[in-house]
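Full structure from sequences and hints, please.
There are 2 protein chains.
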Amino acid sequence: MTRITVSPEDQLKELKRGAFEILPEEELLKKLKKSFDKQKPLVIKFGADPSRPDIHLGHTVVLQKLRLLQDFGHEIYFLIGDYTAQIGDPTGKNKTRPILTEADVMLNAQTYKEQVGKVLDMSKTNVVFNKDWLGKFSGLDLIKLMSRATVGAILQRDDFSKRYTNAEAIYLHEFVYPILQGYDSVHLKADLELGGTDQTFNLMMGRHLQYSYEQEAQCILTMPLIEGTDGVNKMSKSMDNYISLTETPTNMFGKLMSISDELMKKYYLLLSRKPSQEVEAYVAALTAGTIHPMEAKKSLAAEITGYYHGEAAGKEERDKFEARFTKKQIPDDIQTINKPAGAINLLDLFLELELIKSKGDGRRLIQQNAVKVNFENHAAESLNLEAGSEVILKIGKLRMLKIIVA
Amino acid sequence: MTRITVSPEDQLKELKRGAFEILPEEELLKKLKKSFDKQKPLVIKFGADPSRPDIHLGHTVVLQKLRLLQDFGHEIYFLIGDYTAQIGDPTGKNKTRPILTEADVMLNAQTYKEQVGKVLDMSKTNVVFNKDWLGKFSGLDLIKLMSRATVGAILQRDDFSKRYTNAEAIYLHEFVYPILQGYDSVHLKADLELGGTDQTFNLMMGRHLQYSYEQEAQCILTMPLIEGTDGVNKMSKSMDNYISLTETPTNMFGKLMSISDELMKKYYLLLSRKPSQEVEAYVAALTAGTIHPMEAKKSLAAEITGYYHGEAAGKEERDKFEARFTKKQIPDDIQTINKPAGAINLLDLFLELELIKSKGDGRRLIQQNAVKVNFENHAAESLNLEAGSEVILKIGKLRMLKIIVA
Chain A
24 MTRITVSPED QLKELKRGAF EILPEEELLK KLKKSFDKQK PLVIKFGADP
74 SRPDIHLGHT VVLQKLRLLQ DFGHEIYFLI GDYTAQIGDP TGKNKTRPIL
124 TEADVMLNAQ TYKEQVGKVL DMSKTNVVFN KDWLGKFSGL DLIKLMSRAT
174 VGAILQRDDF SKRYTNAEAI YLHEFVYPIL QGYDSVHLKA DLELGGTDQT
224 FNLMMGRHLQ YSYEQEAQCI LTMPLIEGTD GVNKMSKSMD NYISLTETPT
274 NMFGKLMSIS DELMKKYYLL LSRKPSQEVE AYVAALTAGT IHPMEAKKSL
324 AAEITGYYHG EAAGKEERDK FEARFTKKQI PDDIQTINKP AGAINLLDLF
374 LELELIKSKG DGRRLIQQNA VKVNFENHAA ESLNLEAGSE VILKIGKLRM
424 LKIIVA
Chain B
24 MTRITVSPED QLKELKRGAF EILPEEELLK KLKKSFDKQK PLVIKFGADP
74 SRPDIHLGHT VVLQKLRLLQ DFGHEIYFLI GDYTAQIGDP TGKNKTRPIL
124 TEADVMLNAQ TYKEQVGKVL DMSKTNVVFN KDWLGKFSGL DLIKLMSRAT
174 VGAILQRDDF SKRYTNAEAI YLHEFVYPIL QGYDSVHLKA DLELGGTDQT
224 FNLMMGRHLQ YSYEQEAQCI LTMPLIEGTD GVNKMSKSMD NYISLTETPT
274 NMFGKLMSIS DELMKKYYLL LSRKPSQEVE AYVAALTAGT IHPMEAKKSL
324 AAEITGYYHG EAAGKEERDK FEARFTKKQI PDDIQTINKP AGAINLLDLF
374 LELELIKSKG DGRRLIQQNA VKVNFENHAA ESLNLEAGSE VILKIGKLRM
424 LKIIVA
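For the record, the sequence lines run as chains A and B. When the letters of the first sequence are read in order and numbered with this note's numbering, they come out as residues 24 to 429. When the letters of the second sequence are read in order and numbered with this note's numbering, they come out as residues 24 to 429.
Rather than coming from a laboratory, the hints here were simulated on the basis of the structure. The C-beta atom is built at its ideal place from N, Cα and C for all residues, glycine as well. One should not assume that every hint holds.
As the list claims (entries may be wrong) - From chain A, some residues computed to sit far from chain B (all C-beta separations above 10 Å):
1. SER74
2. VAL255
3. ALA307
4. MET423
Claimed, not checked - One-sided and incomplete, this derived list gives chain B residues near chain A with beta-carbon spacing under 8 Å:
5. ILE110
6. LEU157
7. PHE160
8. GLY162
9. LYS167
10. GLY175
11. ILE193
12. TYR194
13. HIS196
Structure (structure tokens):
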């Protein structure tokens, strides 16, 4: 069995970093102490939708807290809500929740494991499906479960209360979701449930139902949602401001470098896995101006890229970035072509390499000084290649090309 | 198969008598016409609680409409809600709905049949139990059913909306009852559901769900609740103002005679089985003062007593009533005792016959002129019995006694 070696107080300190809230904090500390004294891991619950995941850095905010808990020695239950996924809305008002087949769910679960496995240690993670227990519920069981919660309590949930106030339809089965989610905590006898701030109500329902079933109630830990690369909207696929865990190292690094300095501080708190002390020192230095934001950002981008592609890849991307954008160095893996000596037409070359869509495109690039030859602006459409030379062409911000002249 | 011989218009006229509302009336007429044209009976639903019934005249208001429909040739489904009866409230907040065992339910159902059989022709009545179909529901089936109704719609039910406004707890499973009741209509493919005015919301839910299941929606017919013998409160066992169907003929007749003249008009409309034309004539004559209320009341009391104890019993009670209260006649079955001549103490006699609890009781009766000897007030505690005579003693309003003196 895993030894729990980090003190309860230190565990709590790391859990609190960047967290939105822990409810109730003193209860969690008590649970951590008891778990430490008895060397008995806490049961940690995290629920996921069984629809096909495309996990991005936004999701890792919570996942990394789970990993932290896992590293402390606690028991993670990664719960896939395949039961509720079966509930389509026959009125057709809720197109966002298509009914999934069992095969879909299993496929998605596999994808989850692969993606979540980039953060969690899956060999120590219990992946559970709530259909295993909720699927055994008869209508009567469900009604009895419902008798443990009041309409008033559920209507307090933000989105319900808004819809109710605006006289928008809330279908009755929607009331059942939070209760089923809450029952999952009863079934697992969860000590702590994690989620985004938008999940607070549902997590509290678990607490409520555990009380009702005379269990020790779980604590809850909620994490803020992070903004995406645009710095404004919550990171999400639909806003196209997300950084996927499966991005190429270059894209991941590049996107991370594109965020604002302000957002970077939040990313430091929520996405870095460095100990809190180190992270706090970074943030303080940034605020005091004793470290350059660009340096801090490269360090963070390298760290995060390193998690998902290996530390070496992080370092390499950082070097390449510096080569391109800072030191104008030529990357090792630069695309290289061979040409005979003589004049060439750049527009023809770009078209051939599919770097532009039309000659008009190419002309605009040249006019905008976006084409550089050996790091100098080049304003002409033609270029003279000298025999035996090497020419570095830079097109736009990201594309570089080496021509070896025969 | 029963022939449907009464015209749709005449059926509707009789159904409307005393009814609170028919929704929508034109739809019901259409159904009646179609049923008449095709000689196909309508499916009529009436739901009953499976707790032990003690049916009183208040209940017969709806039952008689069912009987009327049955006499017209329609198909009655007397539905016993044994499914919901299984749902106890584990929070203990709802003590009024104890959980019934299957044996209890079957016993109560038997009692229902016997009591309801005094109004309906049970040989033509389908007694059904909703556990037969709802009992097959899985949790998922139930959730899918719930998705067909909105929270807003259910909160509109009077009692829910009041409780919600007053911030009183409504437990979620309470929301499920109306939906399950509504689903019963879907299962039965009901054309018409009957109930008290307090059931309007639940009956409409059946209509709503039938729409949702793309069935032709049922019409609903609601009947007013009648006041009990006190003339003020709804007839109910708890108010002790009810007339049970199992009362003795004398008690039934006597209680009916005790109601106010105003309430009698309502009873005429709702409890008489005479054709509407006749009833309307009675009520009109009463209003015009061309018939004495006492006469009308005796006629109604005899009619109703006649239903439950045979026509002859109704007539007999009427005669006995007139004998006692109107013509001071001595009833045939008067209690008779033999005494030797001489003075007797009335208090001793009353105690011996268990007519009073104590001598103090007896003295009060005498002081209040409630003791009559041969229909004359008798103010003394002693009475002289003449040899060879017969003495009629009247004690209080109802009790008479004949003493044959030796």
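Here is how each hint holds up against the structure:
no.: 1; hint: SER74; result: 18 Å, holds
no.: 2; hint: VAL255; result: 34 Å, holds
no.: 3; hint: ALA307; result: 48 Å, holds
no.: 4; hint: MET423; result: 56 Å, holds
no.: 5; hint: ILE110; result: 5 Å, holds
no.: 6; hint: LEU157; result: 7 Å, holds
no.: 7; hint: PHE160; result: 3 Å, holds
no.: 8; hint: GLY162; result: 3 Å, holds
no.: 9; hint: LYS167; result: 7 Å, holds
no.: 10; hint: GLY175; result: 6 Å, holds
no.: 11; hint: ILE193; result: 4 Å, holds
no.: 12; hint: TYR194; result: 5 Å, holds
no.: 13; hint: HIS196; result: 4 Å, holds
Hint violations for this structure: none, all hints satisfied.
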